[in-house]
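Peer 1: Residue numbers (this note's numbering), protein chains in the order written: chain A, 1 to 455; chain B, 1 to 455.
No wet-lab data here; the hints were simulated from the structure. Hints are supplied without guarantee of correctness; some may be wrong.
A pair holds if it fits inside one copy or across any two, identical chains being indistinguishable in the list.
[To be verified] Calculated lysine-lysine pairs in the BS3-like style (CA-CA distance at most 25 Å, straight line):
no. : residue 1 : residue 2
1   : LYS407    : LYS376
2   : LYS12     : LYS76
3   : LYS3      : LYS355
4   : LYS401    : LYS353
5   : LYS125    : LYS3
6   : LYS6      : LYS131
7   : LYS407    : LYS3
8   : LYS125    : LYS376
9   : LYS76     : LYS376
10  : LYS373    : LYS130
The structure displayed is predicted, hence computed values, not measured ones.
For reference, the chains in residue letters:
Protein chains: 2
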Amino acid sequence: MEKVKKIYLAEKEIPHQWYNIQADMPNPTLPPLHPGTMQPIGPQDLAPLFPMELIKQEVSQDRWVDIPDEVREVYKIWRPSPLYRAYGLEKLLGTNCKIYYKYEGNSPSGSHKPNTAVPQAYYNKMEGVKKISTETGAGQWGSALSFACQHFGIECEVYMVKISYNQKPYRKLLMNTWGATVIPSPSDKTNAGRKILEMNPNSNGSLGIAISEAVEVAATSENTKYALGSVLNHVLMHQTIIGLEAEKQFEMAGDFPDIVIAPFGGGSNFAGISFPFLRHNFTSGKKIRCIASEPASCPKLTKGQFRYDFGDTVGMTPLLPMFTLGHTFMPAPIHAGGLRYHGAGAIVSQLLKDKLIEAQAYQQKECFDAGVKFAKAEGILPAPEATHGIANVIREVSRAKEEGVSKTILFNLCGHGYFDMSAYQDYFDGKLVDHHFTDEELYANLKELNTPIPG
Amino acid sequence: MEKVKKIYLAEKEIPHQWYNIQADMPNPTLPPLHPGTMQPIGPQDLAPLFPMELIKQEVSQDRWVDIPDEVREVYKIWRPSPLYRAYGLEKLLGTNCKIYYKYEGNSPSGSHKPNTAVPQAYYNKMEGVKKISTETGAGQWGSALSFACQHFGIECEVYMVKISYNQKPYRKLLMNTWGATVIPSPSDKTNAGRKILEMNPNSNGSLGIAISEAVEVAATSENTKYALGSVLNHVLMHQTIIGLEAEKQFEMAGDFPDIVIAPFGGGSNFAGISFPFLRHNFTSGKKIRCIASEPASCPKLTKGQFRYDFGDTVGMTPLLPMFTLGHTFMPAPIHAGGLRYHGAGAIVSQLLKDKLIEAQAYQQKECFDAGVKFAKAEGILPAPEATHGIANVIREVSRAKEEGVSKTILFNLCGHGYFDMSAYQDYFDGKLVDHHFTDEELYANLKELNTPIPG
Chain A
1 MEKVKKIYLA
11 EKEIPHQWYN
21 IQADMPNPTL
31 PPLHPGTMQP
41 IGPQDLAPLF
51 PMELIKQEVS
61 QDRWVDIPDE
71 VREVYKIWRP
81 SPLYRAYGLE
91 KLLGTNCKIY
101 YKYEGNSPSG
111 SHKPNTAVPQ
121 AYYNKMEGVK
131 KISTETGAGQ
141 WGSALSFACQ
151 HFGIECEVYM
161 VKISYNQKPY
171 RKLLMNTWGA
181 TVIPSPSDKT
191 NAGRKILEMN
201 PNSNGSLGIA
211 ISEAVEVAAT
221 SENTKYALGS
231 VLNHVLMHQT
241 IIGLEAEKQF
251 EMAGDFPDIV
261 IAPFGGGSNF
271 AGISFPFLRH
281 NFTSGKKIRC
291 IASEPASCPK
301 LTKGQFRYDF
311 GDTVGMTPLL
321 PMFTLGHTFM
331 PAPIHAGGLR
341 YHGAGAIVSQ
351 LLKDKLIEAQ
361 AYQQKECFDA
371 GVKFAKAEGI
381 LPAPEATHGI
391 ANVIREVSRA
401 KEEGVSKTIL
411 FNLCGHGYFD
421 MSAYQDYFDG
431 KLVDHHFTDE
441 ELYANLKELN
451 TPIPG
Chain B
1 MEKVKKIYLA
11 EKEIPHQWYN
21 IQADMPNPTL
31 PPLHPGTMQP
41 IGPQDLAPLF
51 PMELIKQEVS
61 QDRWVDIPDE
71 VREVYKIWRP
81 SPLYRAYGLE
91 KLLGTNCKIY
101 YKYEGNSPSG
111 SHKPNTAVPQ
121 AYYNKMEGVK
131 KISTETGAGQ
141 WGSALSFACQ
151 HFGIECEVYM
161 VKISYNQKPY
171 RKLLMNTWGA
181 TVIPSPSDKT
191 NAGRKILEMN
201 PNSNGSLGIA
211 ISEAVEVAAT
221 SENTKYALGS
231 VLNHVLMHQT
241 IIGLEAEKQF
251 EMAGDFPDIV
261 IAPFGGGSNF
271 AGISFPFLRH
281 NFTSGKKIRC
291 IASEPASCPK
301 LTKGQFRYDF
311 GDTVGMTPLL
321 PMFTLGHTFM
331 PAPIHAGGLR
341 YHGAGAIVSQ
351 LLKDKLIEAQ
361 AYQQKECFDA
371 GVKFAKAEGI
381 LPAPEATHGI
391 ANVIREVSRA
401 KEEGVSKTIL
411 FNLCGHGYFD
421 MSAYQDYFDG
431 KLVDHHFTDE
441 ELYANLKELN
451 TPIPG
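Let the sequences and hints guide you as you build the complete structure.
Peer 2: In structure tokens form, the structure reads like this:
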């Protein structure tokens, strides 16, 4: 029988339901709190920002949630995504571990983000929303939402972190091609933006600031809602399509992973591939290790504190129970812009607190080393975010070797690096810098927080 | 039954043989001539440049040529490529034509070029070649060959047209990532390059000049061969994997094309998708229209002359029977760098002369209009080269409407445009220029040619 490099599912095998891990978690997540009253918020508190169907999904305890046919139709542009066996990387590493990766880079915007952008745009459309505002860092989320809004005929306004806006004109242009308006953040279009610019007219912006702006626009404009590309429960759930497909593909391959790895920003990448496998730990006693690979420049999982914190910098969002470095923490300027976020979503935070998942932190040089190895061995040039997962795989392979065991490892190759070539240029030019925070630097923003610590 | 957007083949369905149209052409191609003696060249004349297996393929009359297992293994990184039904574009155009496209942009370098780069590197490897020199314009071919050489452990030296080298640093970097050396052409490393620089120290270079340099390096260095990304018979044959897969996919869809369309530079893109369908015209009396879409800035098929001409600017290659504008013709600086070549391959030229295929020329503004329409309707951002095919599809759809008929149209979406965002920037900024050559300008270089005119 000939060696199978990648396992494709037919289109009809695209799952018809997402998996909602809230149905199976041993301990439920703590509720979000209203920042004024410190009381749990209700659906009506979120209604100015999100369509009701997404609010329902946010708190749903149903194990399976139907994927609308209209969403599945759009998924067909790039889904099911292929599951690859990394024969090339295995050979290069000289390992007897089996390495698989799920490749999400064939989507229109080149990452896993459209998996949630499409249903979010769809539910907004169904509830008569005319415009969606959002933020974007490196641009993956903004371009995914632009694509999705274009499809459903919704206006899209993207607040893009100013330093990325200036450094990544092509990502901006991609959003324009799909009809979106892109505004460098902080901007003078919102109170939040003006407040930041007053304090620092030269502010380069941050994801937290851009969220403040986009939320304000949605909260104060007619027929306008807000969309977030990670962190929230419904976003994580939409991404489970990745792991659910992978499950079927492993069945076809007659194999099953011992370890599942994904890069970690706010949680959607990691949740997407790992939650359907974690389910087996909860329901059938498996012991799959699920590892989140975060950047050492923003180590909320490995060094943060579990407490209530804001999702944005200015403090406009509800308080979420999260592993956080404080909502004013400024991550080092690494190239993996998608991972530069101060906190982790509530579900992932609860799972980590309960020691049901693991986390590891990686410096960017090690990541780019891994990324270039991967490009040579497998042909695909990974996005800087994705290289964090690859670095993690390489460490786990070393560990297996030391322990004299063979493991089956799955990781999420969440996107390609074609829009991130300047990062590779810096790598080859020896300009990449690893940033080592002192504990004092890491915890400075937490000390000033006066939000509740759970438990 | 649910609507199928894209048709995937399983990996085991990757064809085991390429299709060699030379076996079925009503009139064979004329032989290449030695530029000194004007006599047909033999295998020994090509031996300094190519491994013997590729020379054999160049003149083979066998209908089917086996694809080596080692090549099929590498193909598995991105093949079989999906065949899409363009429901979105059909809707946007309001047509009752059925539009399909074969998408080659999921390959490591983002275009169809690795289909031939991989076997070329493989045959060189088998014959002990240590280094391959080549040229590249926009960079698609250079990056494909870099990837292939990296895989088989061969050194790769790419002469990149200087203006592209300066304007497209990311394509260069991609080649570097796969271990290739990239040299701006004209360079002072070759006699050909020095000769050009003497005449014009500020030369921006051209594909023809870069070919001269790469050919010289191969002809004068130990264990070094040359590789070409289009034009030659064996290159065209390797690309037939595209059309052969599409044939199987149409069978799965229970459909068959009336019209097959592809962008045209040197012929490999067009040959790749159309030759397996032309076979049905030759062998079973079908009347599929196969249309080559060339740029109006380099209209060799629609305005060129059928005569013997050189493949390069300096005049180092054998003379090939081709539709040409003259080997010193300088195409207008359009963004579709991959189509800026003065001549067409011998097979395609013979087919056009025999009126067995058609050609149409397109200005770049019409092409980018079509490309942006496509991105909005289908989600995928096409390469500038690919937009020529899309513009052609749109015209054929109009024609079908005028004639009150419904056609099934297939085109080759040969690559994505993620490395060509600056072209889209120019488009959105209104900076794209259409160039209208006068007949005098078009034929100036032909007049000076003293090569034979066949027949």
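Peer 1: All hints, please: hold or fail.
Peer 2: Now for the hints, and whether the structure bears them out:
no.	hint	verdict
1	LYS407 to LYS376	within (23 Å within a copy, 43 Å between copies)
2	LYS12 to LYS76	both (9 Å within a copy, 22 Å between copies)
3	LYS3 to LYS355	neither (37 Å within a copy, 43 Å between copies)
4	LYS401 to LYS353	neither (29 Å within a copy, 63 Å between copies)
5	LYS125 to LYS3	between (45 Å within a copy, 22 Å between copies)
6	LYS6 to LYS131	neither (39 Å within a copy, 30 Å between copies)
7	LYS407 to LYS3	within (19 Å within a copy, 39 Å between copies)
8	LYS125 to LYS376	between (43 Å within a copy, 17 Å between copies)
9	LYS76 to LYS376	between (29 Å within a copy, 15 Å between copies)
10	LYS373 to LYS130	between (45 Å within a copy, 22 Å between copies)
Figure legend: structure checked against the earlier numbered hints; hints not met, in rising order: 3, 4, 6.
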